[in-house]
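J.: Single-letter residue listing:
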Amino acid sequence: MESIGVLMLIPMNTYLEQELQKRYNLFKLWTAPQKPQFIKEHANSIRAVVGNAGAGADAELIEALPRLEIVSSFSVGVDKIDLAKCREKGIRVTNTPDVLTEDVADLAIGLMLAVLRRLCESDRYVRSGKWKKGDYKLTTKFSGKTVGIIGLGRIGMAVAKRAEAFNCPICYYSRTEKSDTKYKYYPSVVELASNCQILVVACPLTEETQHIVNREVMNALGPKGVLINIGRGPHVDEPELVSALVEGRLGGAGLDVYEHEPEVPEELFGLENVVLLPHVGSGTVETRKVMADLVLGNLEAHFLNKPLLTPLV
Amino acid sequence: MAHGIIYNHLDLPQVLVVRPPDSFSLYQSQYSHKFHFLKAWESPVPLDQFLSTNARNVQALLSCGRFPINVDLLRLLPSLRLVVTPSAGLNHIDLSECHSRGVAVANAGSVACCDVADLAVGLFIDVLRKISAADRYVKQGLWASKTSYPPGSKLKGKRIGIVGLGSIGQEVAKRLEAFGCSISYNSRNQKKSFSYPFYSNVVELSANSDALVICCGLSDQTHRLINKEVLLALGKEGVLINVGRGAIIDEKEMVQCLVQGDIGGAGLDVFENEPNVPKELFALDNVVLSPHRAAFTPETLTSMREIAVGNLEAFFSNKPLLSQVIDD
Chain A
122 MESIGVLMLI
132 PMNTYLEQEL
142 QKRYNLFKLW
152 TAPQKPQFIK
162 EHANSIRAVV
172 GNAGAGADAE
182 LIEALPRLEI
192 VSSFSVGVDK
202 IDLAKCREKG
212 IRVTNTPDVL
222 TEDVADLAIG
232 LMLAVLRRLC
242 ESDRYVRSGK
252 WKKGDYKLTT
262 KFSGKTVGII
272 GLGRIGMAVA
282 KRAEAFNCPI
292 CYYSRTEKSD
302 TKYKYYPSVV
312 ELASNCQILV
322 VACPLTEETQ
332 HIVNREVMNA
342 LGPKGVLINI
352 GRGPHVDEPE
362 LVSALVEGRL
372 GGAGLDVYEH
382 EPEVPEELFG
392 LENVVLLPHV
402 GSGTVETRKV
412 MADLVLGNLE
422 AHFLNKPLLT
432 PLV
Chain B
23 MAHGIIYNHL
33 DLPQVLVVRP
43 PDSFSLYQSQ
53 YSHKFHFLKA
63 WESPVPLDQF
73 LSTNARNVQA
83 LLSCGRFPIN
93 VDLLRLLPSL
103 RLVVTPSAGL
113 NHIDLSECHS
123 RGVAVANAGS
133 VACCDVADLA
143 VGLFIDVLRK
153 ISAADRYVKQ
163 GLWASKTSYP
173 PGSKLKGKRI
183 GIVGLGSIGQ
193 EVAKRLEAFG
203 CSISYNSRNQ
213 KKSFSYPFYS
223 NVVELSANSD
233 ALVICCGLSD
243 QTHRLINKEV
253 LLALGKEGVL
263 INVGRGAIID
273 EKEMVQCLVQ
283 GDIGGAGLDV
293 FENEPNVPKE
303 LFALDNVVLS
313 PHRAAFTPET
323 LTSMREIAVG
333 NLEAFFSNKP
343 LLSQVIDD
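Chains as they are written, first to last, in the working numbering: chain A, 122 to 434; chain B, 23 to 350.
Any given hint could turn out to be false.
Said to hold, decoys possible - In the DSSO-like style, the derived pairs of lysine-lysine whose C-alpha atoms are separated by at most 30 Å in a straight line are:
(1) A/K262 with B/K161
(2) B/K196 with A/K266
(3) A/K410 with B/K214
(4) B/K258 with B/K180
(5) A/K251 with A/K345
(6) A/K254 with B/K178
(7) B/K196 with A/K303
(8) B/K180 with A/K262
(9) A/K305 with B/K61
(10) A/K305 with B/K214
(11) A/K254 with B/K258
(12) A/K253 with B/K250
(13) A/K282 with B/K214
(14) B/K274 with A/K258
(15) A/K251 with B/K56
(16) A/K282 with B/K180
Claimed, not checked - Beta-carbon label-pair distances, calculated as ranges:
(17) A/D219 with B/R88: 46 to 56 Å
(18) B/N249 with A/N288: 52 to 62 Å
(19) B/Q282 with A/K305: 28 to 38 Å
(20) B/Q162 with A/G265: 49 to 59 Å
(21) B/A305 with A/P428: 30 to 40 Å
(22) B/E199 with A/S300: 20 to 30 Å
(23) B/S241 with A/N288: 42 to 52 Å
(24) B/F216 with A/P360: 32 to 42 Å
(25) A/E384 with B/F304: 25 to 35 Å
(26) A/K258 with B/S51: 15 to 25 Å
Said to hold, decoys possible - Among chain A residues calculated to face chain B with C-beta under 10 Å, some are:
(27) I131
(28) N134
(29) L228
(30) S264
(31) A284
(32) P290
(33) C292
(34) R296
(35) T297
(36) K299
(37) Y304
(38) V385
(39) E387
(40) G404
What the hints contain is simulated information worked out from the structure, not anything from laboratory work.
Where a beta carbon is used, it is the ideal one built from N, C-alpha and C, also for glycine.
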C-alpha cells in the first residue's frame, strides 16, 4: 500500500494526515513552493486525492493527474469537485454524508440563539467591564419564531426537528415539494423569506443555487429578519449581504461560510447583530474523527476492490 | 386608557412600590386608572417614616424584584396581605415571614420559562461549539488561510443533569432532547409525570452528567448547592450552565476549578455579586458570560407586567390569584 500516491490538498485534520502518511505515500500539496511543478513531479504515482470543503479536484487538477482513480472528500459538500469530469473519466468520488448532519444542525440553532439573544455581544459587554456601568439591553425572543429552511435534506430536517423543540413553526423551500412532511412549502425563496423570521440556508451548492439568497430575498426577509448560512458562501450574494446589514435592511446574520474563505468582509466585524464563525459546521472532535475514518475507509475499500462506503460517483 | 380625566386617587386601591420594577413607567401609564401607586422612592423622607405616615392601610405591594421583602419591611406594613413580584425569582422575599403574617405572595409564574430555557441552551451550545470564542477570533481578523479552528464537542449523546425540574428545567429538557442529549435531574421532589432518571443527590447527578444546568431558585437549601465536591464530580470535560442565581454555586470554587481545568467550561447568566464578575473568567475561552438577561426580552417583560397586574386585579376583586407561590 505504501507505493500508492495520495495527494492531500490542504491541511484539514491531523489524525487523517497521520493515518494517510502511515498507509500511503502522502503528498502534501500545501507544502510545495511551486504547486504545478510539484504536481507534475508526482503525477505518475498519484492515484487518490483527498480534499475538503475548501479545496477539491477541479478540472485542471484532474487533467494533471492521469493515474487518478478516486477523490475522497473530507466534507459532505462537493461543490469544489468537478463531478462531471470525474464521471467522464471513471474517477470515483466519495464524501462524508450523515455523520456531520447533527453537528451542522446544532450549529445552525446555536447561531440563531447567538444572533437573536446577542450571546457574543453580551459576553463582550461583560468582559469589557460595561456591565458595571449599566444593564445590557433587551434581546429578541427566539422561541416561537418562524424558521424558513432552504433545502429540506438531511441537514434541513435536523434543523427543523431542533427548532420545533423551541415551538418554532417551520416552513421551507425545496426544488420540489416533499409529500412526506407536515411543514409548509413555499415555491420560491422570496416567498419563503417573506413568511419567516429566520431563514436558514441548508441546500447543496450547485449552479442553480448560486446566490439563491440575493438582494430581493434579503429585502423580503427584512429589517427584523435573520439569515443563517450553514451551506456555502456562494449561496449568498455577499456584497449585497454586507450592504443589507450595514443599511439595516436585514435584521441580522449568523454565518459559518463565506464566498472567499478565509476572507470575511471587515464591514461585518463591528456589527452587533452579526455572528461570524470560521467554517466550523462539522467542527467537533468526535465528528472530525468519524469523517476521517470514512475518508480512510473509502480509500481502503477502493484499493482493495471492495464496495465504497459512501460513493457519490 | 382615557385621556383628560383625573382619577381620584382615594377611590383606587393602593399599591405600595418601594423601589420601581423595570419599566415602571409602563405600569404607570397603562394602569394608573386602576391602581394608586404609592411611590416610596420618590419621597425625600426615610423609608420607615414614609411608610408609617402613608402605608398603614396598604394591602398590596409591588416588588421591584430585588429590594428585600423581609421582617424589617413587613413590620411597617400592618395591613399588608399581598406581595406581587414581577420576577420568577423569590430569593429577595422572606417567604416564611410572609406566610406567618398571612401575606400571600405572587410571582411571574412560568411566563419567563421559554426565554430562560432558550438562554440556557444557547449558552450550552456556545460553550460546546465555542461560538463566542470563534466569533471573537474571526472579528479580530485571526482566521488565517491554512488553519482550521480547534474543534469543539458534539452535543448528541451528552448526558445533561438538570438541577431543578420546574417550568424552566422542563423547557430546557425538552429542547436538549431534540439535540440527542439524555436528561437526568435533581429536584426537591421527584416528578412522577416525567420519566427522566431522578437523583436525590446532586453529587451523584453530577458524577453521571457531562453537563449540569442550574434551573432552580435560590433558597436556604440551594445556597452553595454546587460546591467543590459537585464540581469535581462533574469533571475535566464537564460543563456548568447557570440561569438560576449566582449564589447557588460556590463561585470562588468554580472559578478555581475553571482556571485549573478541573471542569471543562461554563456558561453563566448569573453571579454572586452582580454586576461584579470574577475577572479570572475574562481570560478563559471556555467560559461564556451573560449579564443576567435570560428573561429579558420585550415579550417576557410585557408578560411579567401583565401577570403582576393580573394578580393585583384578582386580589382587589376577591378572586383567586393567578400565580400564587405556595410554600412547600
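J.: Evaluate each hint against the coordinates.
T.: Hint check results:
1. A/K262 with B/K161: Measuring from Cα to Cα gives roughly 25 Å; hence the hint holds.
2. B/K196 with A/K266: holds, 17 Å
3. A/K410 with B/K214: violated, 40 Å
4. B/K258 with B/K180: holds, 14 Å
5. A/K251 with A/K345: holds, 26 Å
6. A/K254 with B/K178: violated, 39 Å
7. B/K196 with A/K303: Holds, because 20 Å separates the two Cα atoms, which is no more than 30 Å.
8. B/K180 with A/K262: holds, 26 Å
9. A/K305 with B/K61: Not satisfied, since the Cα-Cα distance of roughly 51 Å exceeds 30 Å.
10. A/K305 with B/K214: Distance ~36 Å between A/K305 and B/K214 Cα, so the pair is violated.
11. A/K254 with B/K258: violated, 34 Å
12. A/K253 with B/K250: Roughly 28 Å between the alpha carbons, so the hint for A/K253 and B/K250 holds.
13. A/K282 with B/K214: Holds, because 27 Å separates the two Cα atoms, which is no more than 30 Å.
14. B/K274 with A/K258: Satisfied, since the Cα-Cα distance of roughly 28 Å is no more than 30 Å.
15. A/K251 with B/K56: Roughly 38 Å separates the two Cα atoms, so the pair is violated.
16. A/K282 with B/K180: Distance of about 18 Å is within 30 Å: holds.
17. A/D219 with B/R88: 46 to 56 Å: For A/D219 and B/R88 the Cβ distance comes to about 50 Å; the hint holds.
18. B/N249 with A/N288: 52 to 62 Å: violated, 35 Å
19. B/Q282 with A/K305: 28 to 38 Å: violated, 51 Å
20. B/Q162 with A/G265: 49 to 59 Å: violated, 34 Å
21. B/A305 with A/P428: 30 to 40 Å: violated, 51 Å
22. B/E199 with A/S300: 20 to 30 Å: holds, 27 Å
23. B/S241 with A/N288: 42 to 52 Å: violated, 30 Å
24. B/F216 with A/P360: 32 to 42 Å: Taking Cβ atoms as reference, B/F216 and A/P360 lie about 51 Å apart, which means the hint is violated.
25. A/E384 with B/F304: 25 to 35 Å: holds, 29 Å
26. A/K258 with B/S51: 15 to 25 Å: Given about 20 Å between the Cβ atoms, the range holds.
27. I131: Given a least distance of 6 Å, the restraint on A/I131 holds.
28. N134: holds, 8 Å
29. L228: holds, 6 Å
30. S264: holds, 4 Å
31. A284: Holds, because the Cβ-Cβ distance from A/A284 to chain B comes to roughly 8 Å (cut-off 10 Å).
32. P290: At about 15 Å, which exceeds the 10 Å cut-off, the nearest Cβ of chain B leaves the hint on A/P290 violated.
33. C292: Interface hint status for A/C292: violated (18 Å vs cutoff 10 Å).
34. R296: violated, 26 Å
35. T297: Result: violated, 27 Å to nearest chain B Cβ.
36. K299: violated, 20 Å
37. Y304: Constraint on A/Y304 not satisfied, violated at 15 Å.
38. V385: At about 6 Å, which falls below the 10 Å cut-off, the nearest Cβ of chain B leaves the hint on A/V385 intact, so it holds.
39. E387: holds, 8 Å
40. G404: holds, 4 Å
Of the numbered hints listed earlier, those contradicted by the structure are 3, 6, 9, 10, 11, 15, 18, 19, 20, 21, 23, 24, 32, 33, 34, 35, 36 and 37.
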